[in-house]
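Protein chains in written order, with the working numbering: chain A, 1 to 265; chain B, 1001 to 1265.
It is worth saying that the hints were derived from the structure and are not from the lab. Treat the hints with caution; some may be incorrect.
[Stated by the list, open to error] To be clear about the criterion: a stretch of chain A counts as covered by chain B if any three or more of its residues have a C-beta under 8 Å from a C-beta of chain B, and this derived list gives those stretches:
#, segment
1, 26-36
2, 140-150
3, 155-167
4, 192-204
[Stated by the list, open to error] Pulled from the structure, derived: some chain B residues nowhere near chain A, Cβ distances all over 10 Å:
#, residue
5, 1005
6, 1029
7, 1064
8, 1090
9, 1149
10, 1153
11, 1163
12, 1173
13, 1195
14, 1213
15, 1243
None of these values were measured; they are calculated from a predicted model. The C-beta atom is built at its ideal place from N, Cα and C for all residues, glycine as well.
2 protein chains.
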Amino acid sequence: MSDSRPIGVFDSGVGGLTVLRAISERLPTESLVYFGDCARVPYGTKSPETVLRYSREAASYLLRRDIKMLVIACNTATAAALPSLSAELRIPVVGVVDPGALSAVRATKGRVGVIATEGTIRSNAYRDAIHRIDPSIEVIEAACPLFVPLAEEGWANTRVAREVAEVYLTPLLDAGIDTLVLGCTHYPILRATIKEVVGERVIIVDSAETTAEAVALRLHDSGEIAPEQERVCHFLVTDAADRFKRIAADFLEHQIEQLELVSVG
Amino acid sequence: MSDSRPIGVFDSGVGGLTVLRAISERLPTESLVYFGDCARVPYGTKSPETVLRYSREAASYLLRRDIKMLVIACNTATAAALPSLSAELRIPVVGVVDPGALSAVRATKGRVGVIATEGTIRSNAYRDAIHRIDPSIEVIEAACPLFVPLAEEGWANTRVAREVAEVYLTPLLDAGIDTLVLGCTHYPILRATIKEVVGERVIIVDSAETTAEAVALRLHDSGEIAPEQERVCHFLVTDAADRFKRIAADFLEHQIEQLELVSVG
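The shape of chain A in the complex, shown without the other chains:
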């Protein structure tokens, strides 16, 4: 058994590209369709009702591309839309929160730091997901709102990024975390800088990698792994295609080709 249909990956903008990249490295035969809602980015500052409505629209675009699985590669959208979309769609839906939470629980000795956008922190999505598995784990959260613009503007490996990371991460280190969850899909871009600040003793859980692992597991279990094929990557964006192309080249470390502008709303 195998299934050559693509996996759909959806994010409010460019952040989910780190998840797309991790899936494409973990599962080299899978075709992928990415939907980046650049016209309405960011989701983090919008209400859950609005984010759910936007996520349904994104899903419907991807379903028209005959996807076999939907990956919500956005923490805000996972928190706001995963339960509804899982119930409404006939294909499996994977979010980014649970895989990261599970990895953190496996890695930690008891004290987990979670860094994410303001919206994700406010939603308590990671804290709740970790406590559903093990309520005894201490979770210390911090919003790092400047990390997204630093990643998108190509400043990930600068002295400025390092100083910002120190301001955000020092309280977590002072609190004695042994594990740090990168709870925003942009943050893997800053991983080297974050690693420099937290040092070798703190285990970093990259939710892009853990999500790719969860996708692989699901496809193996259901026998839907794609056969050996020349895989295709399509990109759909709702606005600002040039900006998307520039940042995507940076995030994926190669130029993207199949890019389409679609309209929403």
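Let chain A serve as the given structure and place chain B on it in line with the hints.
Just chain B now, with coordinates in the frame of chain A:
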């Protein structure tokens, strides 16, 4: 003659609050109604047609509050909607670009720097407005995309902001500008940091202040200045009211009270 009706101020989000503040300092008897379209921020990455549609909606909300004048406190919306709204509405409409351009022309010895968002720079709005007045002036533009998040996240007066400002502004200083236009309504929040970097010899044109001056002039000319009264400030936002409140307190240096959530689209 006088007119006690409020002035309407409209922006895609929180940036226009610097314009509101400048108006309220310049014209202490005027009541104000602010419309922040936080549900659809940012406008800078959207098409002019979309921005015009959003601007018309914002105007119609404000007109229902019986405003005597509309201020478009957003560079993108000024570029996309000022001509149409001026023609369509029966009240005066003031944008942020022309007042800033005029001040720059008056201040400069010949070489003007303009800093703004990517979208405003791409639109050439300031360059065109300056050249309509004096085509001989050299205009050197730079997008400063990290300034908006630094201002919104309360990092305006930090070492990080200073380093970012040095990276963005050094090429303008090297090009020999004598005047610098803050061409984004967020940037006055970073004014002290920008001043430190450009030094005393570069004149800073703050488009919030120049817009407030233009508003004052218009009202004086038409005899519509508000009488001595206890002025009222109302705020309408389309999403994320808590975030708006927090940032508004920072931008205005006082808590805001009359905040209403309205729905659009």
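* Asked: In terms of Cβ atoms, is chain A entirely out of 10 Å range of residue 1029 (chain B)?
  -> Label holds. Min Cβ-Cβ 34 Å, cutoff 10 Å.
* Asked: Given as covered by chain B, does the segment 140-150 of chain A meet the bar of three residues or more with CB within less than 8 Å?
  -> holds (count 5)
* In terms of beta carbon proximity below 8 Å, does the segment 192-204 of chain A have 3 or more residues touching chain B? -> violated (count 0)
* Asked: When you look at the beta carbon of residue 1153 (chain B), is every beta carbon of chain A farther off than 10 Å?
  -> violated (5 Å)
* Check on residue 1005 (chain B) being off the interface with chain A, judged by Cβ distance over 10 Å -> holds (32 Å)
* Separation of residue 1243 (chain B) from chain A, once the least beta-carbon distance is taken, above 10 Å -> It is violated; residue 1243 (chain B) is separated from chain A by about 6 Å at its closest Cβ, not greater than 10 Å.
* Annotated coverage of the segment 26-36 of chain A by chain B, confirmed only when three residues or more have a Cβ within 8 Å -> violated (count 0)
* Verdict on residue 1064 (chain B) as a residue remote from chain A, using beta-carbon distances over 10 Å -> holds (23 Å)
* **Non-interface claim for residue 1149 (chain B) versus chain A (Cβ beyond 10 Å)** => violated (4 Å)
* Asked: So is residue 1163 (chain B) really clear of chain A, every C-beta pair being over 10 Å apart?
  -> violated (5 Å)
* With d taken as the least Cβ-Cβ distance between residue 1195 (chain B) and chain A, does d exceed 10 Å? -> About 19 Å separates residue 1195 (chain B) from the closest Cβ of chain A, which puts it past 10 Å; holds.
* Asked: Going by Cβ atoms, does residue 1173 (chain B) stay more than 10 Å from chain A at every point?
  -> holds (19 Å)
When each numbered hint is compared with the structure, violations occur for hints 1, 4, 9, 10, 11, 15.
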